[in-house]
Amino acid sequence: MIVRPKHQRLVLVSLALVALLGAVLLAMWGLSDRAAYFVTPTEIAAGKAAGGKALRLGGMVEQASLVRDPDGVTIRFVVSDLNAKTAVRYRGITPDLFREGSGVVAEGRMEGDTFVADNILAKHDERYMPPQMANPAQRQ
Amino acid sequence: MIAEAGLAALWLAAALAALQLGLALGIGGAQGKAIASIRGVAVAQGMLSLAAFVALIILFVRTDLSVLLVAENSHANKPWLYRFAGTWGNHEGSMLLWVSVLAIAGAVVALFERRLDERSLSATLAAQAALALGFFAFLLFASNPFARLNPAPLEGRGLNPLLQDPGLAFHPPTLYFGYVGLSVAFSLAVGALVTRQVGPALARAMRPWVLGAWVLLTLGITAGSYWAYYELGWGGWWFWDPVENASLMPWLAATALLHSLNVMAARGGLRAWTMMLALVAFSMSMVGTFLVRSGILTSVHAFAVDPTRGSFILVLLTLYIGAALALFALRIGHVKEGTPFDPVSREGALVANNLFLSVILGIVLVGTLYPLIAEAVTGEKLSVGPPYFNATAGPLALILAALMMIGPQLRWRQDRAAIVPRLAPGVVIAIATLVATFLLAPDITLLARLGLALGAGLVPASLAPLLGRSLRRTPLAIWGMCIAHAGVAVALIGMACDSAFTREKLTTALPGEQVGVGPWVVEMRTISPVAGPNWTALEAELRASRGGGVSILRPQSRFFTEPVTTTSEAAIETVWNGQLYAVLGAQDVATGRWQIRLWWKPFVTLIWLGGVLIALGGLFALIGRWWRGYRTRRRLSEAGS
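If you're matching them up, the sequences are chains A and B in order.
Residues in the first sequence are numbered from 106 upward in steps of one, following our numbering.
Residues in the second sequence are numbered from 20 upward in steps of one, following our numbering.
Calculated directly from the structure, the hints in this document are not laboratory data.
Among the clues, some could well be false.
Under the rule of at most 30 Å between Cα atoms (straight-line distance), these lysine-lysine pairs were calculated in the BS3-like manner [what the hints assert, rightly or not]: (1) 190/A with 153/A; (2) 190/A with 400/B; (3) 158/A with 190/A; (4) 158/A with 524/B; (5) 153/A with 52/B; (6) 400/B with 158/A.
Kindly produce the complete structure, drawing on both the sequences and the hints.
Below you can see the structure in the form of structure tokens.
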């Protein structure tokens, strides 16, 4: 049952369109609940961050807020954007440039009043500031 | 002097690109002498670009601090290899490499392409010159690598320590050769659309470029993945970082193109679709360059944040992609229809391959660009990471693997013979593996389970096309296909094993204490200071034992002075069935205990072994096709004389 030429091109073009549509629908479905929104402590304080949703929290690590749990690998610290503060808990080895008073982006989710981070990103070198970080700082 | 000479070479090369474009456009139906002059110009342009790049290498190796770029990115106390490789470890240098490869690729086409008619060739060289011209302009007006710094500083700033790794010498050039090799496919498609010569001859001219670029992209991605794995110290091998996606997207398009080119070369079919893919593949390279080089992304690859550069590349990108798509729309009506085929046939399977690869490409593209678009439109900041990509692209990749078990075993045009017996070995092994995973590893994820099953079934299915052939007389291209497909199976098994069976231990220890991870017992022996050429470090000595074997791992926490940075150097012990991976963290001031993080990753090495096999298969196909062409040409010339 070989399809005649004219017909075949039509079939292929419609297949390509269906694939394109499928890709868009699949991407929209995926993005609807899997994109992590960037939030600041102020937005969390305003109740904009629903519990359980994947988030990225950005701000400065508050001075003298870093404490280590007795297990030696869990740390707690406070992220601040000068208006509000959020408590963060993280289990893992912190990145090389993570320290009090410097910028941080934590990936994770809210559990109650604490932001539980799965991953912590710090700036890569002294000259560099992530754009997500630069903006909230400018607003102040 | 060298810097000025390099800059002059760059300007001359740009002028020649303009001349090449003008000549090719002006004479339209280039004949005899005209095409010879275009060829000459293309070769000169390639050599001048190469000269400019060599000039920059010399400046870097000599650490000439009166050049701004060198002063900002290099330091005299760096080891020789990093002074050399540091040439492309920054924005301007890497763009110069990019453009040089583009110009040299044009020169190679001009010198060696004999399969195309002269009009198509001159149109192709015009397209290549137009591409080069835009990127020369970008270098000269927005990213001059030869800018001087007056007065010259006494010391350079040094190279980002994360980039100070032998991988830097190979990873970027490999990827760039791959990205830019696709420019030839783009130009060939544009040339053929202009002269309405879209046919099997074009497919055969395009194939070596796509194969070569694809092999290098595969190697570049594989090497980049391993580099991130051991350098970042996070134990992961793919992070769906936008920069990784920037290299994955051209690879996906090139993979689809490679398969549809085979249909076009062998059967004359899928012409319009193949042209579209050729345009898309290099467009994805340009999108990747834009993402990486514009500074909108924040990662180790984003060397500088400069909005004019981003807009410059964006304008070039829009111009080239827009013009190519417009040309496609205008000419596609004239492209002849190929030989018809049955849905159950090799062509049918390759169409399915192309559709699935395109859908995955679309999903990766949307996921990568969505944060940028969302921020531009709504101002909302968000990021798209592994949860999205794994959930959408993962299942599709598994369907693709299942199709791969079938496709290569089908015949061209139509296949009416009994198919089931041919497929049986692979399917039986896949099902047996699936059952075994339920019995032996009841709590792994479904995706990992299916990955293991399909990977195991795909190994015999990939080798099936060799059955019933005389192995010695099987064309090298068939071997290439089988090896590449088996490579996919191997990589798939590695990925599934890594996600299903990895064991992790995060804890603190004092020298003398023991930690268990998976089958290993790891004892922390000592922590001692060590020094390298331009860093100092604290090094842990870990004694790992499993059964009888003992190995020593030495993870480090390194401290660099130019620029001031610390990095962790993971220690990795490779054994036959996997890798033990150790990272040294900080010391707890209160208790004096050291953080250590250990991973036992069974069969993780298969991921990169698979990648290398895929590239090797491509290389075999490239050599096989070239050898066949060479023999045919020789036979023809002997018959002629």
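Status of each hint after checking the structure:
Distance check on the hinted pair: residue 190/A and residue 153/A sit about 14 Å apart at the alpha-carbon level, within 30 Å; holds. At most 30 Å may separate the alpha-carbon atoms for a hinted pair to count; residue 190/A and residue 400/B meet this at roughly 19 Å. A threshold of 30 Å between alpha carbons decides the hint, and for residue 158/A with residue 190/A the separation of about 19 Å falls inside it, so the pair holds. For the proposed pair residue 158/A and residue 524/B, the alpha carbon gap of about 26 Å is at most 30 Å, so the pair holds.
Straight-line distance between C-alpha atoms of residue 153/A and residue 52/B comes to about 71 Å, which puts the hinted pair past the 30 Å bound. Of the pairs offered as hints, the one joining residue 400/B and residue 158/A holds, with about 15 Å between alpha carbons and a cut-off of 30 Å not exceeded.
Comparing the model with each earlier hint shows a violation of hint 5 alone; every other hint is respected.
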